[in-house]
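Student: Take a look at the letters that make up each chain.
Number of protein chains: 2
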Amino acid sequence: MTIISSKDNPVFKETEKLIKSSKMRKKTGLFTAEGFRIVNDAVLSGCKIKNFIFSESACDKYNEFFSQCRNKGEKMYVFSDSLYSKISDTFTPQGMLACISRLDKNCLFDKIKLGGKYIALENIQDPGNMGTVFRTAEALGIDGIVLSKDCCDVYSPKVVRGTMGAVFRMPFSVVDDLGDFISGNRQLDSYAAVVTPDCEKAGSVKFSPNCITVIGNEGNGLTESTISACGRKITIPMGGRAESLNASVAAGILIWEMMRE
Amino acid sequence: MTIISSKDNPVFKETEKLIKSSKMRKKTGLFTAEGFRIVNDAVLSGCKIKNFIFSESACDKYNEFFSQCRNKGEKMYVFSDSLYSKISDTFTPQGMLACISRLDKNCLFDKIKLGGKYIALENIQDPGNMGTVFRTAEALGIDGIVLSKDCCDVYSPKVVRGTMGAVFRMPFSVVDDLGDFISGNRQLDSYAAVVTPDCEKAGSVKFSPNCITVIGNEGNGLTESTISACGRKITIPMGGRAESLNASVAAGILIWEMMRE
Numbered sequence: 110m111t112i113i114s115s116k117d118n119p120v121f122k123e124t125e126k127l128i129k130s131s132k133m134r135k136k137t138g139l140f141t142a143e144g145f146r147i148v149n150d151a152v153l154s155g156c157k158i159k160n161f162i163f164s165e166s167a168c169d170k171y172n173e174f175f176s177q178c179r180n181k182g183e184k185m186y187v188f189s190d191s192l193y194s195k196i197s198d199t200f201t202p203q204g205m206l207a208c209i210s211r212l213d214k215n216c217l218f219d220k221i222k223l224g225g226k227y228i229a230l231e232n233i234q235d236p237g238n239m240g241t242v243f244r245t246a247e248a249l250g251i252d253g254i255v256l257s258k259d260c261c262d263v264y265s266p267k268v269v270r271g272t273m274g275a276v277f278r279m280p281f282s283v284v285d286d287l288g289d290f291i292s293g294n295r296q297l298d299s300y301a302a303v304v305t306p307d308c309e310k311a312g313s314v315k316f317s318p319n320c321i322t323v324i325g326n327e328g329n330g331l332t333e334s335t336i337s338a339c340g341r342k343i344t345i346p347m348g349g350r351a352e353s354l355n356a357s358v359a360a361g362i363l364i365w366e367m368m369r370e
Numbered sequence: 110m111t112i113i114s115s116k117d118n119p120v121f122k123e124t125e126k127l128i129k130s131s132k133m134r135k136k137t138g139l140f141t142a143e144g145f146r147i148v149n150d151a152v153l154s155g156c157k158i159k160n161f162i163f164s165e166s167a168c169d170k171y172n173e174f175f176s177q178c179r180n181k182g183e184k185m186y187v188f189s190d191s192l193y194s195k196i197s198d199t200f201t202p203q204g205m206l207a208c209i210s211r212l213d214k215n216c217l218f219d220k221i222k223l224g225g226k227y228i229a230l231e232n233i234q235d236p237g238n239m240g241t242v243f244r245t246a247e248a249l250g251i252d253g254i255v256l257s258k259d260c261c262d263v264y265s266p267k268v269v270r271g272t273m274g275a276v277f278r279m280p281f282s283v284v285d286d287l288g289d290f291i292s293g294n295r296q297l298d299s300y301a302a303v304v305t306p307d308c309e310k311a312g313s314v315k316f317s318p319n320c321i322t323v324i325g326n327e328g329n330g331l332t333e334s335t336i337s338a339c340g341r342k343i344t345i346p347m348g349g350r351a352e353s354l355n356a357s358v359a360a361g362i363l364i365w366e367m368m369r370e
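Chains as they are written, first to last, in the numbering used here: chain A, 110 to 370; chain B, 110 to 370.
A couple of the hints might just be wrong.
One copy or two, either will do: identical chains are not told apart, so a pair holds if it fits within one copy or between any two.
BS3-like, lysine-lysine: derived pairs with alpha carbons at most 27 Å apart [as the list claims (entries may be wrong)]: (1) K170 / K222; (2) K135 / K170; (3) K342 / K157; (4) K195 / K267; (5) K195 / K129; (6) K315 / K195; (7) K258 / K184; (8) K135 / K310; (9) K267 / K129; (10) K258 / K195; (11) K315 / K132; (12) K135 / K116; (13) K342 / K122; (14) K195 / K310; (15) K157 / K310; (16) K310 / K129; (17) K116 / K195; (18) K315 / K258; (19) K132 / K157.
Just so you know, the hints here were simulated from the structure itself, not pulled from any lab data.
With the rest of the complex left out, here is chain A (with noise of 0.2 Å):
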């Protein structure tokens, strides 16, 4: 196979975009995903790839799952190691990426009306929480997350690595209005998760089996007109100094109540 050397080589200045731009992953409807436990997981979990690309040691280190890609007839590159490392975005690179489809997720509306248990992210900046979470509602069994557009891009590459794998088969959807979508769905009751003491507290709250808690911003929290569209408010009873959780903490252990039998 050519190994691919130049920076001017059309797949890597694709690729670097689909890395780096969020918009560029917009236009495109790919994102990327690195490392082999990741594309094999995309793999396995039946994601539609574009293209694969290999770093010259990849090819040998990863020779089965090389050959097998191969044989498939996917398509695929391979990097010199010095331009493989350009893209990468870790410290340590496998040298495997992929380039994905975007993945159709509004299938989710169709499921909220059949039910379910939810949770939403309004404006999460912080793509390790976003991932996390991702990764505790797989793990927990929660049958949807609804993301608020002006949460970070749950397709950029730190968000999908900490997802673990989760991004590629938990139903999610991004809406432009989260207080619209919960006055849309009665079917569900709604929790909005704060940290005024004044409300419900997590631990003597029992969900019902249709519910949906809506967890806000790393620094501010949720929106006024968020919270008044949800039906109830929920907190983590806090003592000591501390003022608030981590989002992802917060967000686990809501999620863990939500699945409480």
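Use these hints to put chain B onto chain A, whose structure you have.
Tutor: Frame of chain A, contents of chain B only:
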């Protein structure tokens, strides 16, 4: 006040080493905290501050705090903005940093003899995870944290920042051998957090008022010897293709369960 602008200045050189080197932090018994909120938190929490460092711009921006420190006769240095940016650990530096004496928390062992609820961390490597566990532990009311000596350095800038100040207030202790520590504290019910399903499930365990839960390394979990030292094993039931939770989320859920009434 003299504005320091040279990289050869001894205060600059010492601070730079404290930020970068765990060995230097051990040797000098000092560590650093950066940013107005956390530095102020260190002061309010009664930490012994060796010196404050302000950038030129921060002297204006945090004028009140600056004058307060000066009036109290604190040791203070002003760095030119360009010099300050060389030691800042953050993308948008607030221009304020303190060198703080390490916190002697050996009192923890006496406290444990009196009982309470504790968390132990074994070989946690991600500073973000460790910081988040401190933050969660304080918010939910844990009595103290025990760290195995192979954990990442609790005084590293990333951990300190992630604790949101909890590191200044939460009793903690680093122990040579976690298994020995647990075996030596039989008055505490000890729980090893594991991912194997053949053990007690979080959610159905009622924790006693004197207990300790041990969380393991992000990739490999707990060592066999630590698991053996613990009286009981506990797991967070998971479904789907997810193999594990993020360590700080797992700790969050277990702390939540420990503190549940």
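Student: Are the hints correct? Go through all of them and say.
Tutor: Hint check results:
When the C-alpha separation of K170 and K222 is checked against a cutoff of 27 Å, the pair qualifies neither within a copy, at 47 Å, nor between copies, at 52 Å. Taking CA atoms no more than 27 Å apart as the test, K135 paired with K170 passes in neither setting, with 33 Å inside one copy and 39 Å between copies. In this assembly of identical chains, K342 and K157 lie within 27 Å of each other by CA distance neither inside one copy nor across copies; the values are 40 Å within and 41 Å between. For the homomeric pair K195 and K267, the shortest alpha-carbon distances inside one copy (17 Å) and between copies (26 Å) are both at most 27 Å.
In this assembly of identical chains, the alpha carbons of K195 and K129 lie at most 27 Å apart whether taken from the same copy (12 Å) or from different copies (25 Å). Within a single copy, K315 and K195 get their C-alpha atoms no closer than 51 Å, and across copies no closer than 52 Å, so neither meets the 27 Å cut-off. With identical chains, the CA atoms of K258 and K184 are never at most 27 Å apart, being 32 Å at best within one copy and 47 Å at best between copies. In this homomeric assembly, K135 and K310 never come within 27 Å of each other (Cα to Cα): the closest approach is 39 Å inside a single copy and 42 Å across copies.
With identical chains, the CA atoms of K267 and K129 are at most 27 Å apart both within one copy (11 Å) and between copies (24 Å). For a Cα distance limit of 27 Å, the shortest separation of K258 from K195 qualifies neither inside one copy, at 30 Å, nor across copies, at 36 Å. Taking the closest pair of Cα atoms, K315 and K132 never come within 27 Å of each other, the shortest separation being 41 Å inside a single copy and 50 Å across copies. Taking the shortest alpha-carbon separations for K135 and K116, only the intra-copy value of 23 Å comes in at or below 27 Å, while the best inter-copy value is 45 Å.
Proximity of K342 to K122 under the C-alpha cut-off of 27 Å is found in neither arrangement, the shortest distances being 47 Å within a copy and 50 Å between copies. In this homomeric assembly, K195 and K310 never come within 27 Å of each other (Cα to Cα): the closest approach is 49 Å inside a single copy and 45 Å across copies. Proximity of K157 and K310 under a CA criterion of 27 Å is satisfied in neither setting, with 43 Å inside one chain copy and 37 Å between copies. In this homomeric assembly, K310 and K129 never come within 27 Å of each other (Cα to Cα): the closest approach is 41 Å inside a single copy and 42 Å across copies.
Only within a single protomer do K116 and K195 lie at most 27 Å apart by alpha-carbon distance; the minimum there is 9 Å, versus 31 Å between protomers. Taking CA atoms no more than 27 Å apart as the test, K315 paired with K258 passes in neither setting, with 30 Å inside one copy and 41 Å between copies. In this homomeric assembly, K132 and K157 come within 27 Å of each other (Cα to Cα) only inside a single copy, at 20 Å, whereas the closest approach across copies is 48 Å.
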